[in-house]
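Student: Each chain, letter by letter, is given below.
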Amino acid sequence: MVIVLKENPNPEQVKNLERWLAGMNITTRIIEGMSSTVMGLIGDTSRVEIELIRSLDVVESVQRIQEPYKRANRKFHKSDSVISVGDVKIGGGHFALIAGPCSVESREQIIGIAKDVAASGAQILRGGAFKPRTSPYAFQGLRGKGIELLVEAKKETGLKIITEIMEISQLPLFEEVDIIQVGARNMQNFELLKELGKCQKPILLKRGLSNTIQELLMSAEYIMSEGNENVILCERGIRTFETATRNTLDLSCVPVLNSQTHLPVIVDPSHGVGIADYVRPMSLAAVAAGADGLIIEVHNDPENALCDGLQSIKPDIFAELSAKINELILILRK
Amino acid sequence: MKVNNKYTTFPQSATIACQGTQGAYSQFACEATFQKPNIMYFENFNAVFNAVDKGMCEYGILPIENSLHGSVSEILDLMSKYNFYIVRSAKLKINHSLLANHGVISPQIKEIYSHEQALAQCSEFIGNLKNIKIVEFSNTAAAARMVSESGRRDIAAIANPRCAQLYNLSAISGDIQNNANNYTKFICISKDLQVYDNANLISMAFSVAHKQGALYEFLSKFAERGINLTKIESRPIPGKDFEYMFYTEMEASINNPEIPTLISHLEEAPESFKFLGNYSQLTVDN
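Going down the list, the sequences are from chains A and B.
Residue numbers for the first sequence follow the numbering used here, beginning at 1 and rising by one.
Residue numbers for the second sequence follow the numbering used here, beginning at 1001 and rising by one.
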């Protein structure tokens, strides 16, 4: 439920209303907009009588929110959320370019790629340390050592770093990581989401391979309900009957999410198509669809990559793509 | 009749529902009734009853009668609809002022906004002004707020002079009511019957059959016991063909053992009868 308050509402009257709602186990959040003040209600509002609220002198109007997600809902927060990662901003017109290898393999590899992508305009370096692989015999990542190498690359290049967490006991290792990624397979690991909600680090939440948009938003709600509102959503392809690509990159989810949530939306074309040649067109399509950023796999030696080499593009291709993305952003802003 | 006191003495602080907004006469009545009221404002009288009914507020403060213009009939009707009780009353002196934005002078004013009762109470003052359009508003203080927020220099509101400071307005004229002795009686209502110390007034509502001497017979029960009737008035019962509900107030207390017995008898009688409370009244020269 959303309560739109009258202009310059009397603070005492607002407090009284909040106190009454608190007595019904409903928490409130005040969102100061440009022209109006909105009070968002979270909890079981089915017992709240709309007419009673509407008859209050401080209240302009009341609207029930049908959707099960509240904090993530755009009705709660009209303007785009801008997530700050140090001096890098994501969302609300700030475009973020994230690039790097699927996994961190060695110091030389990660620092080399970091330098390349930084030179091409990426602001954030990606690299898996803990790898959720389909096969237990496949490369599982350098784990703690991988994070140490990412931190070295961060110091060397000034790039922010993002890497995936697989379970909550790993959290202490993420101290110097700038954005924690929750992978597609963990999107509905609710205990993990709740724990991440207790920290204030930005969380990049990937859509599960068989999850709906609403399920993605409900997972974001899990993190936000614990107090961490720094959530970035990521579309990375969903499983369909089509086998020509690794997944089907659901770009239609970008405008849908942009209308339903205020959270930034990032697209991962690399996992979305799984084939390096298609990364470029789908990257540009994602920008045109309204994405707030891209996360692209870049490898200096894709043929010998320990993970997902097929979908990784080389640094020179990334440089050319990055320039094209910037051109496209300028055209779209006109 | 079952007394269900929530407190041993009348509470000093509680969450109270009032109609209007800050600066309404209800606020002053409320502040006179409670030492530390926590007031929530509602847009109309029905909402005040509803807020008490739903437990959002513990009590409600409502105007019931004005010394110049009689009862606020809507409140009487709502009292029957909700089956609430009066736990206290306050007689508040009403002083009206004409308020406008700073620097505005009387000849500039083309429209005056206020509550219909306030407009009626100042009819002589308004009658002396030329070419003025009168606009009824939900509440005197809400009218003052509207004048302030509009920034307009051709309108004014009739409200309590305290609204001038509250809404950044100037008082063009003060004490503009027709009669200096202008009082409004407010009642404090609750869902349960609560009777506190020094309660010396009883209110009740009843109807009697259309037959000779029915009303006389009813009232004689009180007269026989030496009880002074301080008010009686009638309201048509909605949906009935000129049948009436009578509202009375009398000087009595349920501490007099005869009274509860009498009330029990009346409650069992075939005609409709409703005990509306036993309370004390305070007078406030605002």
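Since the hints were derived computationally from the structure, they do not count as laboratory data.
Since we're looking at a predicted model, the values are computed, not measured.
Take these hints with a grain of salt, some might be off.
Stated by the list, open to error - Computed list of lysine-lysine pairs in PhoX-like fashion (alpha-carbon distance at most 25 Å, straight line):
(1) K1211(B) - K1002(B)
(2) K115(A) - K89(A)
(3) K15(A) - K1054(B)
(4) K1093(B) - K1231(B)
(5) K78(A) - K89(A)
(6) K1002(B) - K15(A)
(7) K15(A) - K1191(B)
(8) K1054(B) - K6(A)
(9) K160(A) - K89(A)
Student: The structure should be examined with respect to each hint, and the outcome stated for every one.
Tutor: The hints, checked one at a time:
| no. | hint | in the structure |
| --- | --- | --- |
| 1 | K1211(B) - K1002(B) | 31 Å, violated |
| 2 | K115(A) - K89(A) | 21 Å, holds |
| 3 | K15(A) - K1054(B) | 18 Å, holds |
| 4 | K1093(B) - K1231(B) | 19 Å, holds |
| 5 | K78(A) - K89(A) | 18 Å, holds |
| 6 | K1002(B) - K15(A) | 35 Å, violated |
| 7 | K15(A) - K1191(B) | 24 Å, holds |
| 8 | K1054(B) - K6(A) | 23 Å, holds |
| 9 | K160(A) - K89(A) | 11 Å, holds |
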